[in-house]
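A.B. asks: The chain contents come next:
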Amino acid sequence: DAGVIQSPRHEVTEMGQEVTLRCKPISGHDYLFWYRQTMMRGLELLIYFNNNVPIDDSGMPEDRFSAKMPNASFSTLKIQPSEPRDSAVYFCASMQENSYEQYFGPGTRLTVT
Amino acid sequence: QKEVEQNSGPLSVPEGAIASLNCTYSDRGSQSFFWYRQYSGKSPELIMSIYSNGDKEDGRFTAQLNKASQYVSLLIRDSQPSDSATYLCAVNPSGTYKYIFGTGTRLKVLA
Numbered sequence: 001d002a003g004v005i006q007s008p009r010h011e012v013t014e015m016g017q018e019v020t021l022r023c024k025p026i027s028g029h030d031y032l033f034w035y036r037q038t039m040m041r042g043l044e045l046l047i048y049f050n051n052n053v054p055i056d057d058s059g060m061p062e063d064r065f066s067a068k069m070p071n072a073s074f075s076t077l078k079i080q081p082s083e084p085r086d087s088a089v090y091f092c093a094s095m096q097e098n099s100y101e102q103y104f105g106p107g108t109r110l111t112v113t
Numbered sequence: 001q002k003e004v005e006q007n008s009g010p011l012s013v014p015e016g017a018i019a020s021l022n023c024t025y026s027d028r029g030s031q032s033f034f035w036y037r038q039y040s041g042k043s044p045e046l047i048m049s050i051y052s053n054g055d056k057e058d059g060r061f062t063a064q065l066n067k068a069s070q071y072v073s074l075l076i077r078d079s080q081p082s083d084s085a086t087y088l089c090a091v092n093p094s095g096t097y098k099y100i101f102g103t104g105t106r107l108k109v110l111a
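Which chain is which? The protein sequence lines are A and B, in order. Using my numbering, you'd call the opening residue of the first sequence number 1 and step up by one each time. Using my numbering, you'd call the opening residue of the second sequence number 1 and step up by one each time.
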């Protein structure tokens, strides 16, 4: 069974550009989580969805960040405009309801120059 | 006070020894606890989950939970160089489905 799929795996962009990260959760999983990982701040939850509905977006750093989940098999995290301080690894994870176990995708390494 | 605390390490142990990793948490109502292993440049991989006080064993790994002391630990028996990684403790606060992660403990197993 395929795990969580993320694309692209690496993204290099210039400050001010729009960045879109993509995630396909494990089939049948009801929850989807977006995380950001940096050396300074560790692994931070940005937002999570249940059945395609955003439940908690309190970790989204500012209005430049937005996330959508148009259907059960696809989610996007968009940064517009991007800034150098957004450089990090962004992970998507999914979970089946009542299991409480999250499974992570391979991540997208974002570099904003 | 951080919600989930781990010693950043590195924790160095010789091959074949027992590695002991510790984690404390602040939300007394937390119900679910997890250990993830993360190799450099890779994503976190779930290795253990524990929900009840006591020990839970899976192969060379044992998770220990003490809710009264708000403490969860991971023991790795017969440590191998391939166990060298960062180990992340995650806690599920009461009433939510989200995790709070610790900053991780870097483990080095010396051959």
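These aren't lab readings, by the way, just hints derived from the structure by calculation. Check before you lean on any hint, since a few could be wrong.
Stated by the list, open to error - Taking lysine-lysine and the BS3-like style, the derived pairs with C-alpha atoms no more than 30 Å apart in a straight line are:
{"id": "1", "chain 1": "B", "residue 1": "K108", "chain 2": "B", "residue 2": "K67"}
{"id": "2", "chain 1": "B", "residue 1": "K67", "chain 2": "A", "residue 2": "K68"}
{"id": "3", "chain 1": "A", "residue 1": "K24", "chain 2": "B", "residue 2": "K108"}
{"id": "4", "chain 1": "A", "residue 1": "K24", "chain 2": "A", "residue 2": "K68"}
{"id": "5", "chain 1": "B", "residue 1": "K98", "chain 2": "B", "residue 2": "K56"}
{"id": "6", "chain 1": "A", "residue 1": "K78", "chain 2": "B", "residue 2": "K98"}
{"id": "7", "chain 1": "A", "residue 1": "K78", "chain 2": "B", "residue 2": "K42"}
{"id": "8", "chain 1": "A", "residue 1": "K24", "chain 2": "B", "residue 2": "K98"}
{"id": "9", "chain 1": "A", "residue 1": "K68", "chain 2": "B", "residue 2": "K42"}
{"id": "10", "chain 1": "A", "residue 1": "K78", "chain 2": "A", "residue 2": "K24"}
{"id": "11", "chain 1": "B", "residue 1": "K42", "chain 2": "B", "residue 2": "K56"}
{"id": "12", "chain 1": "B", "residue 1": "K56", "chain 2": "B", "residue 2": "K67"}
Unchecked claim - Computed from the model, here is a short list of chain B residues facing chain A with C-beta under 8 Å:
{"id": "13", "residue": "S30"}
{"id": "14", "residue": "Y39"}
{"id": "15", "residue": "S40"}
{"id": "16", "residue": "L46"}
{"id": "17", "residue": "N92"}
{"id": "18", "residue": "S94"}
{"id": "19", "residue": "G95"}
{"id": "20", "residue": "K98"}
{"id": "21", "residue": "Y99"}
{"id": "22", "residue": "T103"}
Glycine residues also receive a C-beta, built at the ideal position from the N, C-alpha and C atoms.
A.B. asks: Which of the numbered hints are not met once you compare them with the structure shown?
C.D. replies: 2, 3, 13, 14, 15, 18, 19
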